[in-house]
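Enquirer: Let's have the full structure, built from the sequences with the hints guiding it.
Chains as they are written, first to last, in UniProt numbering: chain S, 1 to 419; chain R, 1 to 254.
A portion of the hints provided could be inaccurate.
25 Å max Cα-Cα, derived DSS-like pairs, lysine-lysine [said to hold, decoys possible]:
1. Lys18(R) x Lys83(S)
2. Lys202(R) x Lys49(S)
3. Lys328(S) x Lys34(R)
4. Lys58(R) x Lys247(R)
5. Lys18(R) x Lys49(S)
If you are wondering where the hints come from, they were derived from the structure by calculation, not from laboratory data.
Since the structure is predicted, the reported quantities are computational estimates derived from the model, not experimental observations.
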Amino acid sequence: MAALGPLSRITRLGCNFCRNHRLVFNRNSQKRGIASCIDPSYGLTDEQKEFQKVAFDFAANEMAPHMAEWDQKEVFPVETMRKAAQLGFGGIYTRPEVGGSGLSRLDTSIIFEALSTGCVSTTAYISIHNMCAWMIDTFGNDEQRERFCPDLCSMEKFASYCLTEPGSGSDAASLLTSAQRKGDHYVLNGSKAFISGGGDTDVYVVMCRTGGKGPKGISCLVVEKGTPGLSFGKKEKKVGWNSQPTRAVIFEDCSVPATNRLGEEGQGFNIAMKGLNGGRINIASCSLGAAHASVLLARDHLLVRKQFGETLANNQFLQFKLAEMATKLVASRLLVREAATALQENRADAVSLCSMAKLFVTDECFNVCNQALQMHGGYGYLKDYAVQQFVRDIRVHQILEGTNEVMRMIISRNLLTES
Amino acid sequence: MSGRVLVGVKRVIDYAVKIRVKPDNTGVVTDGVKHSMNPFCEIAVEEAVKLKEKKLVKEVVAVSCGPQQSQETIRTALAMGADRGIHVEVSGKDYETLGPLQVSKIMAALAKKEDAQIIILGKQAIDDDCNQTGQMTAALLDWPQGTFASEVTLDGDKIKVVREIDGGLETIKINTPAVLTADLRLNTPRYATLPNIMKAKKKKIANVKPADLGVNLTSKLEVLRVEDPPQRQAGMKVETVEDLVGKLKESGKV
Chain S
1 MAALGPLSRI
11 TRLGCNFCRN
21 HRLVFNRNSQ
31 KRGIASCIDP
41 SYGLTDEQKE
51 FQKVAFDFAA
61 NEMAPHMAEW
71 DQKEVFPVET
81 MRKAAQLGFG
91 GIYTRPEVGG
101 SGLSRLDTSI
111 IFEALSTGCV
121 STTAYISIHN
131 MCAWMIDTFG
141 NDEQRERFCP
151 DLCSMEKFAS
161 YCLTEPGSGS
171 DAASLLTSAQ
181 RKGDHYVLNG
191 SKAFISGGGD
201 TDVYVVMCRT
211 GGKGPKGISC
221 LVVEKGTPGL
231 SFGKKEKKVG
241 WNSQPTRAVI
251 FEDCSVPATN
261 RLGEEGQGFN
271 IAMKGLNGGR
281 INIASCSLGA
291 AHASVLLARD
301 HLLVRKQFGE
311 TLANNQFLQF
321 KLAEMATKLV
331 ASRLLVREAA
341 TALQENRADA
351 VSLCSMAKLF
361 VTDECFNVCN
371 QALQMHGGYG
381 YLKDYAVQQF
391 VRDIRVHQIL
401 EGTNEVMRMI
411 ISRNLLTES
Chain R
1 MSGRVLVGVK
11 RVIDYAVKIR
21 VKPDNTGVVT
31 DGVKHSMNPF
41 CEIAVEEAVK
51 LKEKKLVKEV
61 VAVSCGPQQS
71 QETIRTALAM
81 GADRGIHVEV
91 SGKDYETLGP
101 LQVSKIMAAL
111 AKKEDAQIII
121 LGKQAIDDDC
131 NQTGQMTAAL
141 LDWPQGTFAS
151 EVTLDGDKIK
161 VVREIDGGLE
171 TIKINTPAVL
181 TADLRLNTPR
191 YATLPNIMKA
201 KKKKIANVKP
211 ADLGVNLTSK
221 LEVLRVEDPP
231 QRQAGMKVET
241 VEDLVGKLKE
251 SGKV
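Expert: Encoded structure:
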């Protein structure tokens with residue numbers, strides 16, 4: 001009962017009172033999946049429940065208390081992420097021989113969903129970092145795996161994924177950054193846009209053109225920070241995702257050893273897309289965590305806020321709205337977990353399912369968070385309350401890692417190409 | 001000297017859950033409610049694992065008394081670094097009346113059976129707040145006890161314990177074998193790492209029945225009624241000190 005006291009006092013006084021109590025109250029209700037229809041531990045194995053518990057604990061203790069500060073001060077929380085890496089979160093689905101945890105895509109989804117309740121932006125960056133580590137682990141040769149992966153899994157070094165350019169977003173295969181072969185080096189020229197972590201990270205997985213037009217002319221090169229000719233644009237000012245810096249990555253006669261190429265020339269686009277399949281599940285999982293936290297926040301608010309002589313929880317419209325939010329959350333969760341399983345098993349429907357999951361879940365979870373904000377009334381618009389940060393942070397999930405429009409392209413192509 | 005540490009871990013309702021009293025006032029609602037390891041037990045496990053990492057003890061055995069679900073709590077202890085577990089099966093009516101006296105009899109029997117050198121328990125459980133099991137276990141074994149420990153140092157065959165007491169901090173030196181109970185500031189429990197959680201799957205949990213240990217579980221305590229605490233009453237403002245003293249006298253507080 002103690003946790004509800006301060007908030008009801010606030011609503012009675014109608015002012016910003018007991019700020020610390022309010023933030024603690026918000027944190028407490030984000031903490032645990034309280035047993036109810038939206039408990040995210042249903043249907044999991046005992047081992048998965050343990051993974052989830054560690055991730056929830058870490059999110060509640062190490063991330064949630066700092067979530068607002070990291071957003072407002074635009075802090076890239078290196079120390080916290082390294083603590084996460086010590087628990088094995090730096091390379092969750094990277095192989096153990098090179099320092100990864102060797103878990104499944106489903107285990108990964110469960111972990112990111114839980115971490116996201118602590119801070120969406122930081123968890124989303126950790127998921128991008130994981131994607132890069134996996135790409136090097138899967139498509140690199142043994143020398144490259146041993147050179148890059150251990151430092152990435154421990155987060156001694158951080159990674160960025162570089163595909164998008166100012167002139168090629170959804171039309172990724174039309175990218176222009178060129179990599180000309182000169183002896184045992186490639187010389188890169190061009191620029192990448194909107195790179196998460198850009199400028200602060202150490203290892204850049206870059207898709208660039210070594211051959212002719214289209215996807216088959218693209219290769220994948222690993223470029224290290226400090227390489228002459230590698231520079232960065234200004235740090236972008238964003239609506240959310242503020243705990244990770246976003247910058248343009250610029251190549252000016254940047255010379256990269258050919259031994260940094262992952263796979264064969266012309267394989268780069270394929271590598272990029274394979275990375276994104278998992279990335280889409282991870283981003284959808286981050287949206288799930290935000291929606292879960294937001295539903296709990298909304299629920300707690302409804303139980304406390306009184307208008308017209310009774311708590312909002314007695315209002316049938318709000319009861320029904322909350323029920324719809326919970327239903328969409330659980331439906332989303334099931335879709336993401338099925339997509340993760342399909343990807344793990346390399347099923348024929350894996351790519352479509354990953355696209356469907358990303359499309360459906362990022363849209364629905366944004367609506368859930370947005371409705372949770374609405375239920376808070378005016379308080380929902382204040383930065384003292386966490387719900388607005390969840391809304392701002394997951395808005396971009398409908399755009400990156402392939403816009404939701406591109407997801408529709410992938411799915412319709414699957415339907416209409418089969419005759 | 002076996003170098004073996006027994007750590008008791010209790011499965012309780014998670015500390016962040018809002019407790020609800022059952023409509024028939026016989027207890028609190030536990031069905032479908034999130035449970036986890038008692039926070040003081042986590043601190044006890046952490047201390048035991050730390051001693052093993054310093055090579056001051058050889059083996060950490062996690063013990064839990066309760067129904068099937070208690071095994072989850074033992075697995076958490078294994079994921080934190082305990083070597084093996086012992087699940088003492090207690091369910092149904094026996095579990096409802098399981099209290100510090102019964103658990104301390106079990107711990108004492110296990111300590112003899114496993115030739116334990118140190119028993120570490122949490123100072124109290126957050127569901128019943130009894131703060132008795134450690135003390136009772138020590139009495140049954142006739143072992144010294146270091147309760148409310150905020151610092152533990154092994155020194156040959158003795159243990160130096162700094163205890164948090166009402167007056168401040170008390171330092172005692174006790175012989176082993178001994179019982180310790182962990183207080184809040186003893187340490188900060190580690191997160192289980194993903195690799196350790198996976199390794200924990202392979203660690204063994206033995207199943208034991210109280211009867212095998214020769215322990216009688218009957219309790220002489222009977223819970224009559226469980227109620228919510230009274231609603232907080234509004235306070236009142238007074239104008240002068242005389243008014244305040246008058247009101248205090250009226251309500252019989254002075």
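Enquirer: With reference to the structure, classify each hint as holding or not holding.
Expert: Status of each hint after checking the structure:
1. For the given pair, Lys18(R) sits about 30 Å from Lys83(S) by alpha-carbon distance, which is inconsistent with the 25 Å threshold.
2. With a C-alpha separation of about 16 Å, the suggested pairing of Lys202(R) with Lys49(S) holds against the 25 Å cut-off.
3. A C-alpha spacing of about 23 Å is found between Lys328(S) and Lys34(R), which places the hinted pair at or below 25 Å, so the restraint holds.
4. Proximity of Lys58(R) to Lys247(R) is assessed by CA-CA distance (about 62 Å); at most 25 Å being required, the pair is judged violated.
5. Between Lys18(R) and Lys49(S), the direct Cα distance comes to roughly 21 Å. Compliance with the 25 Å bound is thereby established for this hinted pair.
Violated hints for the displayed structure, listed by number in ascending order: 1, 4.
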